[in-house]
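S.K.: The residues making up each chain are set out below.
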Amino acid sequence: MKKNVLLLIALVYFLSPSVYALDLSGSLTYSGNYNLFFNDLSNNLRLELNCLHNFTDKVFLEADLVLRYTDQSSSHSFILIPKEIYISTYDLIPQIDAKAGILIESWGSSDMFSPLDNFNPAPFGLSFTEMPSKLGVWAISATYYINDTTYFQSVYLPNFVPTLIGEEYEEQLYLGIFAPQFQEQGIEINSIDLIHYVPEKPAWGVKIGKSFSFFDAALSYYRGYYLNSYPQLVEPVIDSSGTSLKVELGHPERDILGLEFQGDFPGIEGATLRGDIAYIIPQPWSLQNEYLLKDPYFKIAIGADYTTSSNLYLNIGYIYGFTYEEGADCSSYLFLNAKQELRNSKFTPHYIGGVSLQDGSMLHSLGLDYNLTDNFSLSLSYLFIIGEEGSKFGQIKNNEGLFIVGEWSF
Amino acid sequence: MKLTKKMFIFSILVIFFSLPTLSLAMTIDEIIDKMEENSPDFTTQKTTSEMIVIDEKGKEEVREAIMFSQKEDDDTTSSLIRFLSPKSVKGVTLLNIKNGEKIYLYLPAYDKPRRIAGASKQEEFMGTGLSYEDMSMDYQDKEYTKSLLEETEEEYKIEVIPLAEDTSYKKIILWVDKDKFYAKKVEFYNKTESLTKIMEIHKIETDKKGKITPLEIEFSDLENKKKTRIIIKEMEYDIELPADFFSLRTLTKPTL
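Quick mapping for you: the protein sequence lines, in order, are chains A and B.
Under the numbering used here, the first residue of the first sequence is numbered 1, with each subsequent residue one higher.
Under the numbering used here, the first residue of the second sequence is numbered 1001, with each subsequent residue one higher.
Chain A with its partners taken away, still in its complex shape (with noise of 0.2 angstroms):
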């Protein structure tokens, strides 16, 4: 409710010819998606409004609107997402820079799958083909500058804000995965019924960071919850329809200490090095007698990227506990990305890959981008998995398929 009152004042705001000093900028990005798996044809059209107005030279409101249509929603087709609307000031008060409103607040220095970066929920699901696109929350965020090298940040969100997923793929996952248990012992499942408890409660972090002469570090600590939701009560529910399963789900707190890094390091010479290694000690979590999440564990993102003398970009990255993976899940990656700047063309071919150390699944994802001009452009790409059914990459071979995405900015 706050969101869609804000946004109204922010849309009347916009359009209001009082406006002076107002920059606008935006764009109108067409994503395609033809799924292999399902043989099925998706189409989203996204318009992305990017709006800043400086009331001083050191108060501004900033603003990103999205307006997303999408033919894979029955309910939803058309959604108004005010991505970021925040007042932003800097140096109003000496040395401090904040922003207060609906923020998307980026933490971590490596390039891809940060586990650090874990105040703002993303879409559910990945993308290999696009930049994560994450959802904005309500927060504040100050960072008190110490001296030119040095500084340190805070980030409040008064309400935590999880990840959100289709209700009707969430029913289908955990009837997929509970339905066969009571099956077992002859009761038949004929729906699901499944209760969210959302904690009400802040999330917050700290960080400090300073730039040395070779590489910027930071230390930080984040106090909040997992955004993607856990079960904490399974029981079948026996009714005048049948047997129903109620599933109640929940999201575990946690605390993140974190190091992030990036910059020159010894023996990796012509390459620039940029990590996130964060400890992450969970709230135990059990479901059935069994711990979901238990002991502290690591999670780990590094990557180095080079480009070679042909204008052949290389980001090469080790990941420990991929996006989905918590606790006793997490296991090892490489990924390779590769991006061939081709000398007087507008086509960049390029290839992002991965393989899982564990089982040796991959994933490859072959593209083409086409820059028709400076403010358009194309990308065609074909994603495939290599692996069994329920190995690491196997598991999403769901996502197979061709996808194009054509942007026109403006």
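Because the hints were derived from the structure by calculation, they are not lab data.
Just so it is clear, CB atoms sit at the ideal spot from N, CA and C, and this is done for glycine as well.
Accuracy of the hints is not assured; some may be wrong.
[What the hints assert, rightly or not] Sample of chain A residues facing chain B (criterion: CB under 10 angstroms; computed from the structure):
# : residue
1 : 26
2 : 54
3 : 62
4 : 107
5 : 145
6 : 311
[Said to hold, decoys possible] Keeping only pairs whose Cα atoms sit at most 27 angstroms apart, straight-line, the calculated DSSO-like set for lysine-lysine is:
#  : chain 1 : residue 1 : chain 2 : residue 2
7  : B       : 1253      : A       : 210
8  : A       : 134       : B       : 1209
9  : B       : 1225      : A       : 339
10 : A       : 339       : B       : 1057
11 : B       : 1209      : B       : 1184
12 : B       : 1059      : A       : 346
13 : B       : 1087      : B       : 1209
14 : A       : 339       : B       : 1112
15 : B       : 1098      : A       : 210
16 : B       : 1112      : A       : 134
Given the coordinates of chain A, assemble chain B onto it according to the supplied hints.
M.R.: Same frame as chain A, but now just chain B:
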């Protein structure tokens, strides 16, 4: 002999001499002194420019940028460049602290500064045909030996050899205008002594004090067969900038 970094910065940035041509034989040090003498005398500078990238087929892409620079107490230069157009690169900002001692790139889509490691400085910056090193003029902050190779009616040809091992260039050749004492052409030779880049000054402005400002500079990247023409639209000297302007916090500020 060594070419001081200040002298070399001035030579690259086109610094010259207002005295009439001295046809008497000059020493290399005298030539460099004259060049330095004609350099604009400023601490801070703000420039609005148009950057035209021209590919092998002559196709042009135009980018507008705003640049701030400041001479630091230790004789180094810090700069901050932000693209204003086209929309696809609007807001992309490059921060160079103290002649490239630290370089950061801010891409609005990432929403966080990315540090560029020293060894990556030779990579091309945002399709401009210029490297991070070129943008930061990092190759200036080195020690050099220099010698006068040739003297013609119109120019001096000077060879500059960087002494530091970590420079990208084995040799730099300057053509210095004998009338105005500015480097109207600079050739950059890589480690294998192949000519890789040429910088030429096509247009200059001379103020009342004889100080010279380049208004049109062209970089030719011979390896990638690409040219970058920089046309200065506006230039202001000695503007007031906050003490911490050339730091990380400025990178993400929405307006400069």
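S.K.: A separate judgement is required for each hint: does it hold in the structure or not?
M.R.: Comparing the hints with the structure gives:
1. 26: Since the shortest Cβ distance to chain B is 8 angstroms, the answer is holds.
2. 54: holds (6 angstroms)
3. 62: holds (6 angstroms)
4. 107: holds (8 angstroms)
5. 145: holds (5 angstroms)
6. 311: holds (7 angstroms)
7. B:1253 <-> A:210: holds (19 angstroms)
8. A:134 <-> B:1209: Distance ~55 angstroms between residue 134 (chain A) and residue 1209 (chain B) Cα, so the pair is violated.
9. B:1225 <-> A:339: holds (20 angstroms)
10. A:339 <-> B:1057: Between residue 339 (chain A) and residue 1057 (chain B) the Cα gap is close to 23 angstroms, so the pair holds against 27 angstroms.
11. B:1209 <-> B:1184: Distance of about 20 angstroms is within 27 angstroms: holds.
12. B:1059 <-> A:346: Roughly 11 angstroms between the alpha carbons, so the hint for residue 1059 (chain B) and residue 346 (chain A) holds.
13. B:1087 <-> B:1209: violated (39 angstroms)
14. A:339 <-> B:1112: Given pair residue 339 (chain A), residue 1112 (chain B) holds - Cα atoms ~21 angstroms apart, limit 27 angstroms.
15. B:1098 <-> A:210: Satisfied, since the Cα-Cα distance of roughly 17 angstroms is no more than 27 angstroms.
16. B:1112 <-> A:134: Given pair residue 1112 (chain B), residue 134 (chain A) holds - Cα atoms ~14 angstroms apart, limit 27 angstroms.
Violated hints, in rising order: 8, 13; the structure is consistent with all others.
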